[in-house]
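Asker: Sequence:
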Amino acid sequence: MNDKQRAKIILNPYAGRWKAQRAIPDVKRACAETGLDYELVLTEGPNHGIELAKEAVLAGYSPIISAGGDGSISEVVNGMLEASGGEPQEVPLGIIPLGSADDLADQLGLPKDITTACRVIVAGCERLLDLGRVNGRYFDNNSAVGLEPMVTVTQERMVRVKGTPRYVLAAVRTILAHRPWRMQLKWSGGEYMGEVTLVSVGNTRRTGGAFYMTPRAEPDDGLLDFVFAQGMGRLKLLRLLPTTFDGSHVERPEVRYERAARLEITCDPPTPIQADGELFDRAANRITYEVLPACLRVLVPSPQTGHSG
Numbered sequence: 001m002n003d004k005q006r007a008k009i010i011l012n013p014y015a016g017r018w019k020a021q022r023a024i025p026d027v028k029r030a031c032a033e034t035g036l037d038y039e040l041v042l043t044e045g046p047n048h049g050i051e052l053a054k055e056a057v058l059a060g061y062s063p064i065i066s067a068g069g070d071g072s073i074s075e076v077v078n079g080m081l082e083a084s085g086g087e088p089q090e091v092p093l094g095i096i097p098l099g100s101a102d103d104l105a106d107q108l109g110l111p112k113d114i115t116t117a118c119r120v121i122v123a124g125c126e127r128l129l130d131l132g133r134v135n136g137r138y139f140d141n142n143s144a145v146g147l148e149p150m151v152t153v154t155q156e157r158m159v160r161v162k163g164t165p166r167y168v169l170a171a172v173r174t175i176l177a178h179r180p181w182r183m184q185l186k187w188s189g190g191e192y193m194g195e196v197t198l199v200s201v202g203n204t205r206r207t208g209g210a211f212y213m214t215p216r217a218e219p220d221d222g223l224l225d226f227v228f229a230q231g232m233g234r235l236k237l238l239r240l241l242p243t244t245f246d247g248s249h250v251e252r253p254e255v256r257y258e259r260a261a262r263l264e265i266t267c268d269p270p271t272p273i274q275a276d277g278e279l280f281d282r283a284a285n286r287i288t289y290e291v292l293p294a295c296l297r298v299l300v301p302s303p304q305t306g307h308s309g
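Just so we're aligned, residue 1 is where the sequence shown starts under the numbering used here, counting upward by one.
No lab work stands behind these hints: they were computed from the structure.
Be aware that a few hints might be false.
Stated by the list, open to error - BS3-like cross-link-like pairs, simulated, lysine-lysine; straight-line CA separation at most 25 Å:
1) 236 with 112
2) 162 with 186
3) 19 with 162
4) 112 with 19
5) 162 with 112
Let the hints inform the model, and build the full structure from the sequences given.
Answerer: Given below as structure tokens:
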């Protein structure tokens with residue numbers, strides 16, 4: 001195998017609150033044990049993974065492996081799609097889950113064990129997934145406007161609480177401080193105008209390690225699922241929160257659940273946006289979501305074995 005056929009591992013050392021950095025020796029050991037020929041590079045700051053992934057694809061590395069959390073994967077995916085000019089990417093993506101939530105890995109049935117994850121990559125079983133795009137940025141798992149990205153802002157400021165409890169506590173704090181937005185939503189076959197608390201758009205079902213915001217989503221059906229909650233008070237929102245843990249919130253009368261290939265939103269005041277847990281630099285008055293069907297090849301466990309090895 002020559003250099004152009006080597007895997008490129010892009011590892012975010014900060015993922016999982018530095019868990020990924022501590023796991024570097026384990027990653028190297030797992031690669032040696034499974035016979036994975038690789039080159040390892042570390043990201044050095046926000047969006048560096050985009051640059052590294054784009055360079056790796058253009059240099060001929062395959063597969064491109066993201067070692068980190070959901071935000072790390074999202075950066076790598078964006079870099080891979082930049083390399084293909086937004087066209088379906090032929091180079092497969094491998095995942096070594098090292099984050100706090102690891103939502104995409106969970107939804108694809110990927111193992112948390114590093115060595116087993118490397119075996120899945122070496123086995124080479126691919127699944128073709130859709131991607132979403134919001135205001136020019138790609139996402140593989142979830143994106144949201146309104147209350148949900150405000151939760152992301154809150155949890156990033158919390159340093160003493162870790163993992164899923166941090167997301168839950170951040171959600172409670174955000175709800176207690178929230179005010180609804182005035183929004184107009186348009187999608188194929190539907191339209192809504194009025195007060196909106198949140199809009200969550202899912203390519204898969206789970207986000208934030210615990211919240212099944214779009215519980216009917218499938219990442220390869222050519223559509224984006226989205227849910228939006230009409231304007232409601234803090235008490236109703238606090239009651240709604242635990243129902244998102246099992247997806248039963250979609251049965252509530254204040255909640256709408258839809259599917260579409262495209263969703264256009266205008267809002268006042270401007271809303272923050274998150275894609276795969278990563279916040280946009282600026283809030284926006286206009287947001288456009290669209291699906292890119294069958295756009296990304298991901299290395300997943302074999303359907304026959306559940307995992308390789």
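Asker: Flag every earlier hint the structure violates by its number, smallest first.
Answerer: The structure conflicts with hints 1, 2, although it agrees with all the remaining ones.
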